[in-house]
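Got chain F; can you put chain L on it based on the hints?
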Amino acid sequence: MNPLHMMPHSMTTQTIWLLGIALFAVGVFGLLARGELIGRLIAIEIAFNGVALAAFAALAGHGVAGGGTLVLFAIGVTVSEIAIALAVWILGRSAGAPTDPDQSRQLAAQEEQA
Amino acid sequence: MSAVLIAVLAFACAFVALYAQSIARRVVALGVVTVAVAGCYLELGAPLLAALQVLLYAGGLVVLFGLAIGTTGGVSEEKLGNRPSTIVGGILALAILLAGLDVMPAVGQIPLGATPVDVDLARTITERPIAFEGIGLVVLVSVIGALALLRGRREA
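Chain order of the listed sequences is F and L. Position 64 of the first sequence, counting from 1, maps to 63 under numbering that gives the first Met the number 0, and the rest follow consecutively. Position 128 of the second sequence, counting from 1, maps to 127 under numbering that gives the first Met the number 0, and the rest follow consecutively.
Any given hint could turn out to be false.
[Claimed, not checked] Reference listing, derived: stretches of chain F covered by chain L, where coverage requires no fewer than 3 residues with Cβ under 8 Å from a Cβ of chain L:
1. 11-17
2. 30-39
3. 50-63
4. 79-89
5. 106-112
[As the list claims (entries may be wrong)] Derived Cβ-Cβ restraints for the label pairs, each shown as a range:
6. F:Ala54 with L:Ile143: 25 to 35 Å
7. F:Ala113 with L:Ala11: 24 to 34 Å
8. F:Phe72 with L:Gln108: 21 to 31 Å
9. L:Leu93 with F:Ala54: 20 to 30 Å
10. F:Val87 with L:Ala11: 44 to 54 Å
11. L:Val102 with F:Gly65: 14 to 24 Å
12. F:Gly95 with L:Leu96: 37 to 47 Å
13. L:Leu66 with F:Leu106: 25 to 35 Å
14. F:Gly62 with L:Ala98: 21 to 31 Å
15. F:Leu106 with L:Ser1: 44 to 54 Å
16. L:Arg150 with F:Ala54: 30 to 40 Å
17. F:Gly95 with L:Leu4: 40 to 50 Å
These are calculated hints, taken from the structure and not from any lab test. A virtual CB, placed ideally from N, CA and C, is assigned to each residue, including glycine.
Chain F on its own, in the form it takes in the complex:
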């Protein structure tokens, strides 16, 4: 079967919903597959973009005019979260801490034992 035949003839809110879900899935995969903190932050951003897009498409698909405000509030919260996370990352880097959160946790456990 030609995959091009599966492509919708006209893009609808359902197609955008599917793109949002696909971006969310890619972000979740990256969050678990990436080790270092900056990679995880990028994955979180991709996942968040996907969720916001899917939510907006779903609301628009039902004719609900509330998606814009919802997404704007969510963007504000995410920008705040990333600003703090990047500051923590810079602090960790300048202190010579490992960039992988799992390694940091292991180190902290070893220090506690010692």
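Just chain L, lined up with the frame of chain F:
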């Protein structure tokens, strides 16, 4: 047709943002994803939201990522797939995709740009300015908090 191209670009760049070994390439790919998502908002009939997405994400967050990487001199480059949780991530991503496909028929099938959908956003900004300013306040407080953290580092 442009919406299809935007969707393909967003999805491809999301993979580049995860798979590229160079951190700079990953950040640039993230920038392209955010701009492509803004294009989707535009196609959905929400130009105001698209503009805000470009301003806050591509103009703010991606630049912030770039500055952070520039300040610290980048990170060690790690290959994707070297962790045991990669398989769990793959299974979870597949489950999310299947669930999304399952729910898709419940999402209304309205052609893109058929109705203006960000009228409510313009109304929120004009009629409820305190709520809109509240978002700015949250961002401002977090930026001050981040600066305070970095100031502590300099003093130490």
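Exercise. At the C-beta level, are Leu66 (chain L) and Leu106 (chain F) separated by a distance inside 25 to 35 Å?
Worked result: holds (27 Å)
Problem set entry | Cβ distance range 14 to 24 Å for Val102 (chain L) and Gly65 (chain F), holds or violated | Holds - the Cβ-Cβ distance for Val102 (chain L) and Gly65 (chain F), about 19 Å, lies within 14 to 24 Å.
Exercise. According to a criterion of three or more residues whose C-beta lies within less than 8 Å of a C-beta of chain L, is the stretch 106-112 of chain F covered?
Worked result: violated (count 0)
For this session: May I ask you to test the hint 44 to 54 Å on the CB atoms belonging to Leu106 (chain F) and Ser1 (chain L)?
Result: holds (49 Å)
Problem set entry | Cβ contact check, 8 Å cutoff: the stretch 79-89 of chain F against chain L, three residues minimum | holds (count 10)
Exercise. Does 30 to 40 Å hold as the CB distance between Arg150 (chain L) and Ala54 (chain F), or does it fail?
Worked result: holds (36 Å)
Problem set entry | Ala54 (chain F) paired with Ile143 (chain L), Cβ distance criterion 25 to 35 Å | Between Ala54 (chain F) and Ile143 (chain L), where Cβ atoms are some 29 Å apart, the hint holds.
Exercise. When you take the CB atoms of Ala113 (chain F) and Ala11 (chain L), is the distance between them in 24 to 34 Å?
Worked result: Hint violated: Cβ distance 47 Å, outside 24 to 34 Å.
Exercise. Taking a Cβ-to-Cβ distance below 8 Å as contact, does the stretch 30-39 of chain F have at least three residues touching chain L?
Worked result: holds (count 8)
Exercise. Three or more residues of the stretch 50-63 of chain F near chain L by CB distance under 8 Å?
Worked result: holds (count 11)
For this session: Take the C-beta atom of Phe72 (chain F) and the C-beta atom of Gln108 (chain L), compute their distance, and say whether it sits inside 21 to 31 Å.
Result: For Phe72 (chain F) and Gln108 (chain L) the Cβ distance comes to about 27 Å; the hint holds.
Problem set entry | Whether the CB-CB distance between Gly95 (chain F) and Leu4 (chain L) falls inside 40 to 50 Å | About 45 Å separates the Cβ atoms of Gly95 (chain F) and Leu4 (chain L), which means 40 to 50 Å holds.
The structure shown violates the earlier hints numbered 5, 7 and 10.
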